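Number of protein chains: 2
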Amino acid sequence: MTLSGTSLIGFGRASENKDFFFASSPATGAELEPRFNSATSAEVDKAVTLAAQAFPIYSYVSPAARADFLKLTATKIETAQDQLIERANLESALPLPRLRGEIARTCGQLRLFAQVVEEGSWTSPRIDHADPSRKPLPKPDVRSMLRPLGPVVVFGASNFPFAFSVAGGDTASALAVGNPVIVKAHPAHPGTSELVALAIQESVVESGFPEGVFSLLFDSGIRVGAELVQHKLVKAAAFTGSLIAGRALFNLAVNRPEPIPFYGELSSTNPLFVLPRALANFTEKIAGDLFGSFTLGAGQFCTKPGLVFLNEGQSAEQFAAFLQNKVQAATPFTLLTKGIGGAYRKELKARLGKPGLHKLAQGTPGNEGLLTCVSAAVFQTDVSSLLQNVDLAEEHFGPSTLLIAYKQKQEVLDCARNLHGQLTATVHATPEDLQEYAELIPILETKVGRIVFNAYPTGVEVCHAMVHGGPYPATTDSRTTSVGTLAINRFARPLCYQDCPHSALPPELQEDNPLGVWRLVDGEFTKRKA
Amino acid sequence: MTLSGTSLIGFGRASENKDFFFASSPATGAELEPRFNSATSAEVDKAVTLAAQAFPIYSYVSPAARADFLKLTATKIETAQDQLIERANLESALPLPRLRGEIARTCGQLRLFAQVVEEGSWTSPRIDHADPSRKPLPKPDVRSMLRPLGPVVVFGASNFPFAFSVAGGDTASALAVGNPVIVKAHPAHPGTSELVALAIQESVVESGFPEGVFSLLFDSGIRVGAELVQHKLVKAAAFTGSLIAGRALFNLAVNRPEPIPFYGELSSTNPLFVLPRALANFTEKIAGDLFGSFTLGAGQFCTKPGLVFLNEGQSAEQFAAFLQNKVQAATPFTLLTKGIGGAYRKELKARLGKPGLHKLAQGTPGNEGLLTCVSAAVFQTDVSSLLQNVDLAEEHFGPSTLLIAYKQKQEVLDCARNLHGQLTATVHATPEDLQEYAELIPILETKVGRIVFNAYPTGVEVCHAMVHGGPYPATTDSRTTSVGTLAINRFARPLCYQDCPHSALPPELQEDNPLGVWRLVDGEFTKRKA
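Residue numbers (the working numbering), protein chains in the order written: chain A, 1 to 530; chain B, 1 to 530.
One chain only, chain A, in its complex shape (with noise of 0.2 Å):
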């Protein structure tokens, strides 16, 4: 596949314009061919009312026929994924294991909501049967299902080229439902971004699907996405990125005529606490995975954890000693962009200027000429700092963490309780900690979309149960999740029938239950026919 540089709208291809910009490669800083087309407005305009008129048939297509789209579009990705990956590494610098990795990872993800769709009980069902001779007033027969919102608008993530991107969870999970989805590529890999969506392209192409179910739209700049989040017929809006870019696209959604819901996750510095009889125990085996975990993927992950509290001793001077070395011996980093790059580098400077905050370790300096190039930091302060400059706590995004020595409990319940919402907190605690410090765990509830015992947040299992979500600002909506078959249920509402003929009823709804759904009847949950 060659790539054109210009946005997808629909079928078809935007032309070239005079705004255009290139990707550029973090590792050597030069841009990389070909120029990308801005998407003029009325090519915005186009991709949406594609959509529109896309989705009342795309939202009636059968649960098998999205299913097999999904899974086509994994097929059509795996196909392609030398050439996906190989143009994702010029673009990101992310390793190949890693994005070998992450495109599996994306095809889990598309056949993991194929099954969701395929089996059908994601819909909730409920049926509440008549009751003519009810007194005073009969009792109608009302059925209720999730149905599809419309047009979904998906912002491309810089951190994950694949897997939050293009084909990511969003993606997966607006089109499992039935709306159809405009993608604003990220910037920063275009390419990848371009490659991925001829793969869905031709997915929509071979299942017989209107053009509009799916769009990708580039720009280089936020007029695009302020135009897709503002057009009337678009119906809601997912995107994973910084806590400006995020809220500022989340005010513009909710102060439209008709606001719609804007899903962001902005900001998380998942707070990691080290108990002291955990910390006495396993305080270098903690330390070195740490280490691991906030380094991971360049200290670019959403769950990367940015904030380790440790009780004032030994074991936790050990610790920090432990991580000052693993620090120092640390070759430089690669980040994903000069953008991402830069305000790492500045945020190492301010902080060398924040009261009560000191440096413990940096690594190895790498190539100063090269903002994507960075060493990696660990810093530490105290308690009393902390409640003083809650700025401390605000995410670092790069490889970077720090530690808080606190002398007593109080203290770092007291912490616990400042704290701003996070999409983790992570605790390592034997039995006794547990509940010596038994006061923490609903603390962090509060302030949480998932607690992590004895383990680490980066990695974020794509299951059921999983909850990549949390109070503001880790996310601007706190009841759902993005990754995680939960996801789902964002891009849906529910839609109820009243004395409805029996012909006229979705399957979902009709009495013999012909697709073998899950279904509230008259308050029991049951597979049975209603």
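FYI, nobody ran anything at the bench for these hints, they're computed from the structure.
These figures come from a predicted structure and were not determined experimentally.
Beta carbons are placed, not taken as given, at the ideal position from N, Cα and C, and that holds for glycine.
It is possible that some hints are incorrect.
[Said to hold, decoys possible] Derived pair list, reagent style DSS-like, types lysine-lysine, alpha-carbon separation capped at 30 Å:
| # | chain 1 | residue 1 | chain 2 | residue 2 |
| --- | --- | --- | --- | --- |
| 1 | A | Lys-326 | A | Lys-349 |
| 2 | A | Lys-527 | B | Lys-527 |
| 3 | A | Lys-326 | B | Lys-135 |
| 4 | B | Lys-71 | A | Lys-139 |
| 5 | A | Lys-135 | B | Lys-71 |
| 6 | A | Lys-285 | A | Lys-407 |
| 7 | B | Lys-71 | A | Lys-71 |
[Stated by the list, open to error] Cβ pair distances, simulated, as ranges:
| # | chain 1 | residue 1 | chain 2 | residue 2 | range |
| --- | --- | --- | --- | --- | --- |
| 8 | A | Asn-255 | B | Ser-133 | 45 to 55 Å |
| 9 | A | Phe-525 | B | Gln-314 | 46 to 56 Å |
| 10 | B | Gly-12 | A | Lys-338 | 54 to 64 Å |
| 11 | A | Thr-79 | B | Gly-313 | 51 to 61 Å |
| 12 | B | Gly-523 | A | Asp-512 | 17 to 27 Å |
| 13 | A | Ala-248 | B | Lys-232 | 48 to 58 Å |
| 14 | B | Arg-134 | A | Ala-245 | 27 to 37 Å |
| 15 | A | Asn-389 | B | Thr-49 | 19 to 29 Å |
| 16 | B | Ser-4 | A | Asn-454 | 53 to 63 Å |
| 17 | A | Ile-244 | B | Ala-130 | 36 to 46 Å |
| 18 | A | Ile-244 | B | Ala-248 | 54 to 64 Å |
| 19 | A | Asp-19 | B | Ala-248 | 36 to 46 Å |
Starting from the known structure of chain A, fit chain B onto it as the hints suggest.
Chain B only, in chain A's frame:
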């Protein structure tokens, strides 16, 4: 019980102050004793602070204890019902049988949510077991379930002094989940609100729960409501009322530093489509029942059918003539408040000047000196006038409706496509009509929360399958419902535990399923042990 006219802040009372108001009798216009004191800003803060302090306790109360609390509240309301009905009748002029029915509905709702909480499957527990041998990485143990959000603000509605007010569906569902609730009383029925609040307060005391679980605040204006939705410790809000007030509160909620879910049920015209054969076969029956429906509760139901589509011809003329007679013969109606009465009269006048719109009939004039005393009205327009001025399809709260005669099927489909979001749409149709108008239903499915067949949208059944919701401006969040058991999900978010020691897991997620709830275990719905 004697009315004190002061807000209930936890177990205490607010003091009297200079900012007070009186309820007024819609039937006579007279002020009703006692005076009600608006809560001060400090009292708003105290109520929310108490709620936030109660949250860590109340959110861990057992499902059985929460269910008992809801049932106790229902019993207390029933015990007080004579006094409640007497006061509500004074404040709302709603007839006694209606109020008695509404109390039954309110207590039924409390008991239904108690049942849902006791049964426990609403928490949607999900368990994915570990697989330590999985390659390339071991699979962790991941479990998740729904947990409460935190303090919830509920705005009492004017049109249902019980079922959508202090102990109405919003309060019942928020309390059922484990969230403390602060109710802003509707100023039209403060005495009714105080009496119901006293019943809840007693239940909180007798249940041994902390006082912050419930507070009731008075205010004749918008200050207290605005302070509540902006308070940083408030985590969600629910509102039933006007588009202008609801959108203003929604804007405050989503533009906070930490945005919160705001469930506003705002405005709906509830189109009713009488298709040709149904119109010809049941002309007078449908016209008569429609009259009953659009004047029920003096036309002050959110689901009042305010827009009626008929195909031109003899049957439509008969239909209109029949309705004309019914309306002309109708005695005056008493609306809930001077504000509602004034707005109804203003729109009656405004409609006389709108091009393409004419008044078919108006009922017996009432006491012109009493703003709340109004007469029913039926208007008529045509398709092109409606398409040129969609404002005609906006909600007109009170006993009025609008007939639209169309010539061809395509015209009514165009009208349907141009409708704003609605709570309901109603279709009167024979099987042949449904075949001929097959395109209509899919259009309505994108516009509404509930489609009613051969019946009327007023009368919203409280059951599992009900959806009282719909696209904006029907509600601010179409992904949910404010009536029926699904409403409980509005006040919860998923929380995930990874590799959690078994002793630290909530009962819903423990291996042996001690509560016997339905769970999704490794992708299978089951009540068995995991």
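Quick rundown of the hints versus the structure:
Restraint check: the Cα-Cα separation between Lys-326(A) and Lys-349(A) comes to about 21 Å, which is no more than 30 Å; the hinted pair holds. Taken as a hint, the Lys-527(A) and Lys-527(B) pair is honoured in the structure, with Cα atoms around 13 Å apart against an allowance of 30 Å. For the given pair, Lys-326(A) sits about 27 Å from Lys-135(B) by alpha-carbon distance, which is consistent with the 30 Å threshold. Simply put, Lys-71(B) and Lys-139(A) have alpha-carbon atoms about 23 Å apart, close enough for the 30 Å limit, and the pair holds.
Using a Cα cut-off of 30 Å, the hinted pair Lys-135(A) and Lys-71(B) holds, with the two alpha carbons roughly 22 Å apart. Distance check on the hinted pair: Lys-285(A) and Lys-407(A) sit about 22 Å apart at the alpha-carbon level, within 30 Å; holds. For the hint pairing Lys-71(B) with Lys-71(A), the CA-to-CA distance comes to about 49 Å; that exceeds 30 Å, so the pair is violated. Checked against the given bound of 45 to 55 Å, the beta carbons of Asn-255(A) and Ser-133(B), roughly 51 Å apart, stay inside it.
In this structure the supplied range 46 to 56 Å holds for Phe-525(A) paired with Gln-314(B), their Cβ-Cβ distance being about 51 Å. The hinted range of 54 to 64 Å is satisfied by Gly-12(B) and Lys-338(A), whose Cβ atoms lie roughly 59 Å apart. Look at Thr-79(A) against Gly-313(B): about 60 Å separates their beta carbons, and that is inside 51 to 61 Å. At about 25 Å, the beta-carbon gap between Gly-523(B) and Asp-512(A) stays in the expected band of 17 to 27 Å.
At about 21 Å, the CB distance of Ala-248(A) to Lys-232(B) disagrees with the hint of 48 to 58 Å. Hint check: Arg-134(B) to Ala-245(A), Cβ distance near 36 Å, so the stated range 27 to 37 Å holds. Judged by the Cβ atoms, the range 19 to 29 Å given for Asn-389(A) and Thr-49(B) holds: they are separated by roughly 24 Å. Between Ser-4(B) and Asn-454(A) the beta carbons are some 54 Å apart, a value that agrees with the proposed interval 53 to 63 Å.
Between Ile-244(A) and Ala-130(B) the beta carbons are some 38 Å apart, a value that agrees with the proposed interval 36 to 46 Å. With their beta carbons about 27 Å apart, Ile-244(A) and Ala-248(B) fall outside the hinted range of 54 to 64 Å. Distance hint check for Asp-19(A) and Ala-248(B): the Cβ-Cβ separation is about 38 Å, which falls inside the suggested range of 36 to 46 Å.
Violated hints, listed in ascending order, are 7, 13 and 18; each of the other numbered hints is respected by the structure.
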